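Undergrad: Okay, here's what each chain looks like letter by letter:
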Amino acid sequence: MSDKAIKTLILGGARSGKSRHAELLAESWEGPLTFIATAQAHDEEMAERIRRHQERRSDRWETVGAMLDLAQPLRDAATEGAFVLVDCLTLWLTNVLLAERNVETAISELVAAIGDVPGRVVLVSNEVGLGIVPENDLARRFRDVAGETNRRVGAVCDEVVFIAAGLPMTLKSPG
Amino acid sequence: MSDKAIKTLILGGARSGKSRHAELLAESWEGPLTFIATAQAHDEEMAERIRRHQERRSDRWETVGAMLDLAQPLRDAATEGAFVLVDCLTLWLTNVLLAERNVETAISELVAAIGDVPGRVVLVSNEVGLGIVPENDLARRFRDVAGETNRRVGAVCDEVVFIAAGLPMTLKSPG
Amino acid sequence: MSDKAIKTLILGGARSGKSRHAELLAESWEGPLTFIATAQAHDEEMAERIRRHQERRSDRWETVGAMLDLAQPLRDAATEGAFVLVDCLTLWLTNVLLAERNVETAISELVAAIGDVPGRVVLVSNEVGLGIVPENDLARRFRDVAGETNRRVGAVCDEVVFIAAGLPMTLKSPG
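So the sequence lines, in the order shown, correspond to chains A, B and C. When you line the first sequence up against our numbering, it's residues 1 to 175, in that order. When you line the second sequence up against our numbering, it's residues 176 to 350, in that order. When you line the third sequence up against our numbering, it's residues 351 to 525, in that order.
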């Protein structure tokens, strides 16, 4: 395989089945599988959620943590013939904002990496901009940055799906 | 009619036209119509909303209240040839959580009932997981449980539609 | 052109690419372009956002402000052969609510104007009803009114699209 494999963005709400859908896409893949985890186990609730996600994935997956630097681990893993799942962009953005990193730079580096790598890439992200405008300044800024990230990542991906109630709606189809 | 009638989940946001869409589905039905109401008139705002919904429905409907136990009323009403509208799952979940009932058990019993009954069933539910993660613990737990419920009910239904601006997008089609 | 031009409602979340999509629709239009701006520069954040939007639009656009009275400016601008972009209904509704105007009357006048005018009309609106029910009374009322407005405007439009990650899903197609 000398062509680039397709890149997919999976968008959806809380507990909508985004990660399950992503893992389904990996099932028939014959090459190596890498899971890039952006979650930090800040509290018990999150630790439990990470544990449940790991249990669901088989031994076929190698797991890599990427709390802040996401572009380089993605470049390292998404080589020809490889399948890389990034779950999820929303937590990664939270980490970047809380660490007071330059978020524009971080997004640009991510978008460039997605465009460059030859491997199959699936990115999971939350849609968080469909509720009432939050009163909290940081929440409002996060909501804007998250919308911008989804739009820019969606533009560089070949396929974009929106998940609701565990079911996909196609926003963009490859080819 | 000896086959099971189809089951439909109608998902959408606040005032998106979910209930109207559900009532439209009932218009051409020739058998008995049952409305299973999960709303409690906690305050004036809710009492007024319930009253408006009732006015819109014709005398053809029998109304049954189901604040906490939903599976059994659904089994009782959704007999062969009957049409049952459950409006809505989100309020029912709120009732179950506030009453400190076991929410996993409640959802499992509901999903089993939907799968078993021979009648036509239409369930209305709010999508609440597409905004910013709420700071309030109970709200966050509710958001997760609501997402999980939509996914599990969606899996057992034959048809799932997402309503925005009064218009349906099909997520899952029967047959 | 003696027939009425089509009316389009563009719905979506924060920073989803709604305005960009609306501006794309105008690109191939050969007649006059009017931008009806409903935003008030309450603070620096908003002033900056308005400035960025203006920079993106070319000199081909005439800009009209419509903070509270929207129906009349729309009637004035959307003459035969003209293209009018209203951006956005959500901010306009906020203005109407904060000014304690009669919101039902305002919506009815807007819907009547959209139905009457012969020009091409594109309206941008936020979907805000897909998050957790807000605790704040005004926010809850706003959420309900916004949902109702989207439904009523969607009903009078020929085309309704939902934007996520910069990509359109068609809810209603003309003809």
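Any given hint might turn out to be false.
[Stated by the list, open to error] Which residues of chain B face chain C? A few of them, derived with a C-beta cut under 10 angstroms, are:
#1 Asp244
#2 Ala246
#3 Leu342
[What the hints assert, rightly or not] Derived DSSO-like pairs: lysine-lysine, alpha-carbon spacing no greater than 27 angstroms straight-line:
#4 C/Lys522 <-> C/Lys354
#5 B/Lys347 <-> A/Lys172
#6 B/Lys347 <-> C/Lys354
#7 C/Lys522 <-> A/Lys172
Derived by calculation from the structure, the hints in this document are not laboratory data. This one's a predicted model, so the numbers in the text were calculated from it and none came from an experiment. For every residue, glycine included, the Cβ atom is placed at its ideal position computed from N, Cα and C.
Undergrad: State for each hint whether it applies.
TA: Comparing the hints with the structure gives:
no., hint, in the structure
1, Asp244, "violated, 23 angstroms"
2, Ala246, "violated, 25 angstroms"
3, Leu342, "holds, 4 angstroms"
4, C/Lys522 <-> C/Lys354, "holds, 17 angstroms"
5, B/Lys347 <-> A/Lys172, "holds, 18 angstroms"
6, B/Lys347 <-> C/Lys354, "violated, 35 angstroms"
7, C/Lys522 <-> A/Lys172, "holds, 18 angstroms"
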